[in-house]
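Novice: This is what each chain is made of:
There are 2 protein chains.
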Amino acid sequence: MKQIKAVADLIQEFRKLPTIGPKTAERLVYFLLKAPPELSFDLARALERLKKETVICQTCFNVAAQDPCVICRDPQRANELLCIVEEPLDALAIEKTGRYRGRYHILGGVINPMAGITPRELRISELKERLLKNSAIQEIILATNPSLEGEATAMYLKEQLKQWAESWQQHWRITRLARGLPTGGELEYADQLTLTRALEGRVDY
Amino acid sequence: MKQIKAVADLIQEFRKLPTIGPKTAERLVYFLLKAPPELSFDLARALERLKKETVICQTCFNVAAQDPCVICRDPQRANELLCIVEEPLDALAIEKTGRYRGRYHILGGVINPMAGITPRELRISELKERLLKNSAIQEIILATNPSLEGEATAMYLKEQLKQWAESWQQHWRITRLARGLPTGGELEYADQLTLTRALEGRVDY
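Chains as they are written, first to last, in our numbering: chain R, 1292 to 1496; chain G, 1292 to 1496.
Keep in mind the hints are simulated off the structure, nothing from the lab.
Treat the hints with care, since some could be wrong.
Calculated lysine-lysine pairs in the BS3-like style (CA-CA distance at most 25 Å, straight line) [said to hold, decoys possible]: (1) R:Lys-1325 - G:Lys-1419; (2) R:Lys-1307 - G:Lys-1314; (3) G:Lys-1296 - R:Lys-1387; (4) R:Lys-1307 - G:Lys-1453; (5) G:Lys-1343 - G:Lys-1307; (6) R:Lys-1314 - R:Lys-1296; (7) R:Lys-1387 - G:Lys-1343; (8) G:Lys-1424 - R:Lys-1296; (9) G:Lys-1325 - G:Lys-1314; (10) G:Lys-1342 - R:Lys-1325; (11) R:Lys-1307 - G:Lys-1296; (12) R:Lys-1342 - G:Lys-1314; (13) G:Lys-1342 - R:Lys-1314; (14) G:Lys-1325 - R:Lys-1307; (15) G:Lys-1424 - G:Lys-1387; (16) G:Lys-1296 - R:Lys-1343; (17) G:Lys-1419 - G:Lys-1449; (18) G:Lys-1424 - G:Lys-1449; (19) R:Lys-1419 - R:Lys-1449; (20) G:Lys-1296 - R:Lys-1342; (21) R:Lys-1314 - G:Lys-1314; (22) G:Lys-1307 - R:Lys-1314; (23) G:Lys-1307 - G:Lys-1342; (24) R:Lys-1343 - R:Lys-1314; (25) R:Lys-1343 - G:Lys-1307; (26) R:Lys-1342 - G:Lys-1325; (27) R:Lys-1343 - G:Lys-1314; (28) G:Lys-1325 - G:Lys-1307; (29) G:Lys-1307 - R:Lys-1296; (30) R:Lys-1325 - G:Lys-1387; (31) G:Lys-1387 - R:Lys-1314; (32) G:Lys-1325 - G:Lys-1342; (33) R:Lys-1325 - R:Lys-1314; (34) G:Lys-1387 - G:Lys-1342; (35) G:Lys-1343 - R:Lys-1325; (36) G:Lys-1325 - R:Lys-1419.
Please work from the sequences and hints to get the whole structure.
Specialist: Here's what the structure looks like:
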């Protein structure tokens, strides 16, 4: 019994997605085969709409319903604050805290020479242009991930920002998100680096 | 920043699938947003084709490109052997061994009163009809899963088959897949029930 072509093709398509291996792809397809046809058709329609109904904001490079995006258009948001993140999902995570009222800049990834991603592939020249045009910015938050590549990218950006600040006679406060023990975590299970950072960053109590 | 509607809708659709939680759904959608549009469109098309290009074989109730399915149509397969499985994926798993040359019957699930699935919801009356019309069958393999529900269903089927055999003056050999240690598994980590079954079913060596 060979797989039917329509079944094999959909398994193949699902496997192109992250976190979906061959077994999961098979399970998804056989689930859909058993489910009412609307489930497959609704998913198909939502997929088609995804690319048709989204654009990339040409100011912050976030995914948006229109350009400029809701945040870049919002006159209430603080122009003094710019938060640089790797991906749209990172901006979304920060938005969910409800504690950030500034603007964003989406890099579109991290520097990762092994994967062929150099600063050229990221939106760094766009960042430069944006900073050059926008004199209101006072603080730049480097909110790349606390991973090896995220740290390297933050370091690279810090150097770049310093150079630009010098040549443009500018001054920005450059910050990075705090490192320490995650809420709800246990000291006992914290890795050494996290604990070291938590110690180094200890605050008066 | 609220999610864009097209993004939120696709996350919602993905979440209807098994094994995909809210985080994974978000990740899939943002992956597609960054990927070339063909990826989304190809997946959408494959989804639309899934239901349009498949039927349920009215003999064995497996998913098929046409009715009857490839296996039911194949004159080379043994008519003496009938293997009863829960779902199409189970038949596929057995086919992949390349060691089974008989026919299949897909139950469409297992008896699970908690989930409201009684024998009536399974293709048992269809099995009865099939057995009544087909005198070539000599062995019936009960290949439901070695789970609680699978065992209960096998037990129920065995009783049914006995009753039918008696009233039709028929005789079938009724078998069940062997239980024991999985290949590559380690004795040390085997659960008690598996080890008990492996001991009970020990073979001369």
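Novice: Please flag the earlier hints that this structure goes against, numbers listed from lowest up.
Specialist: Per hint list: 4, 7, 8, 15, 24, 32 violated.
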